[in-house]
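Visitor: One line per chain: the protein sequences are A and B, in this order. Going by the numbering used here, the first sequence opens with residue 1, and the numbers climb by one from there. Going by the numbering used here, the second sequence opens with residue 1, and the numbers climb by one from there.
Please keep in mind that the hints were generated in silico from the structure rather than gathered at the bench. The structure presented is a predicted model; accordingly, all values stated were derived computationally and were not measured. Even for Gly, the Cβ is constructed at its ideal location relative to N, Cα and C. Certain hints may be false.
[What the hints assert, rightly or not] Simulated coverage check for chain B against chain A, where a stretch passes if three residues somewhere in it have a Cβ under 8 Å from a Cβ of chain A:
hint, stretch
1, 37 to 45
2, 53 to 60
3, 84 to 97
4, 100 to 108
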Amino acid sequence: MNTILLLAAKEVREGLRNRWVLAATGLLAALALTLAFLGSAPTGTVGAGALDVVVISLASLTIFIVPLIALLISHDAIVGEIDRGTMTLLLSYPVRRSQVLLGKFLGHIAILAFATCVGYGLAAVALLATGKAIGGGSWTAFVAMTASSVLVGAVFVAIGYLVSALVRDRGTAGGIAIGVWLVFVILYDMALLGLLVADQGRFVGDGVLDALLLFNPTDAYRLLNLAGSDDIAAASGMAGVVQNAALGPAVLLAALAAWIVAPMALAAAAFSRREL
Amino acid sequence: MSFNVELKSVARHYGPVRAVDDVSFSAGTGEVIALVGHNGAGKTTLIKLMLGLARPTAGSVAVLGQNPAAGDASVRRRLGYLPENVSFNPALTGRETLRFYVRLKGGRPKEEDALLERLGLAHAADRRVGTYSKGMRQRLGLAQAMIGTPAVLLLDEPTTGLDPELRQQFYGIVRQMGAAGATVLLCSHALNELEGNAGRVVIMNEGRKIADGSLDELRHIAQLPTKIRLKTAEDGTRRLREWMGEPAGLRQINGHIVEFDATPEAKAAFLRRAAGEGAPFVDLDMVPPGLDELYAHFLAGRILR
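Given these sequences and hints, build the entire structure.
Guide: Here it is as structure tokens:
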């Protein structure tokens, strides 16, 4: 355990030193603040709660940006260290490969969690400063959204490691990471939408749709947050989905957890078989 | 006697490439052994086998009595390794880098400061590794290999990028470690600098061990001639040549210097005669065959066979 924490601490220190933490936090804070102010303008004093609108905007932001940041910091983690020769040295120490992987994971999650909490927290603080009344339910949704954003980040960190453990050179890892992002964030939903339109409800029933949504971690995240509470579901236009979907928060969280465990296990297997 | 490092008919093939083929040797405590060979002769693969980073296709490897591929932490704690072209994260300082490795190995607290001091890096300890010169990075690499005074030190091309003074310093440290009982294995293709620094030399070629022994033993096996260079007074070479009886293979370097190669027996005979009265030369130099010549000799023998 000590070894894992030591490796995690080194990852965080390197992240601080090479400005990854700063860049990620700055990017998320800037986008979150922008969305908070743009988003709260049209609602005025009536209608949806101010923080609810922010939760909806930030959830959509998360789906685009957090996987991208996660893949950027993780795709190089193994193949990059092998390439630079630092992995050979590290593995000559009393360290198991699974410890290397877990240590890096904890370190990268810490970086992502910090960036997300600070970035999104700033948006909430800014909203408070404008003096809008915010209900307790909205706060719960906000905290849940922030926490699940870190979770979705962890999913893509794990996927990034899998890519990193499998490929031979860093360029390939980068290319595949971009591809993974495109598929899960953009192409999958477009294909799903196309399928639903073309199918007209003949073959793809609710059960199949639910399964298809769980096959994409960003969709699980979207359902978790946008359909999570009635107010937000109504405001985000997801009310229709909520009524049909049999996917409760527990199932969605389990899906996200599986999306972390499975790639990590595969990455560990690939890494342990790899010769340096 | 048990050996710190023991290889028995080890082979490691990558597809059709025989990176290491049927290599056996053992190294006891306090031995400083040089692994010598061309690039691609299998030196680095041998080191990786000893680290357990590569698994042997055939044969067995034991380091400190254990199979290194089993990943026993207690063995790794007593092992130091300096990779070829060592690299560290350029954003961290030398002290931070070394402290990380000390803690990873369970070394003594503040051991990093002592090591930085010993390798002459104390003044740069709080500078980023990115600002270090090649020689400084190499010394930092050596410092991390020395954490916890290891029983086995594996050094892959340790002196590349070091200037002559640092090289001497480096071999001084290696000798100290050897004297303290560590088994030091170092890869090199800078043969001449091993003279006097490595007690034993293992010559590798195309994955096979082609020679193994101390430099003196290898010289004896190779029966290489010693180069004898004679200096006479100005224009005295004619007399010298007559005195020597115009031996074949005598080379005239210039007006007052001649040179010839003498086998061990011929050398002794010549020296006995030269010690007598009236030998017409003023100075004599003997150059024993260096590692370069030895290496070339064993390599040629290999190819002929």
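Visitor: Next step is simple, just say for each hint if it's right about the structure.
Guide: So, going through the hints one by one against the coordinates:
{"no.": "1", "hint": "37 to 45", "in the structure": "violated (count 0)"}
{"no.": "2", "hint": "53 to 60", "in the structure": "holds (count 3)"}
{"no.": "3", "hint": "84 to 97", "in the structure": "holds (count 9)"}
{"no.": "4", "hint": "100 to 108", "in the structure": "holds (count 6)"}
Checked against the numbered hints listed earlier, the structure breaks hint 1 alone; every other hint is satisfied.
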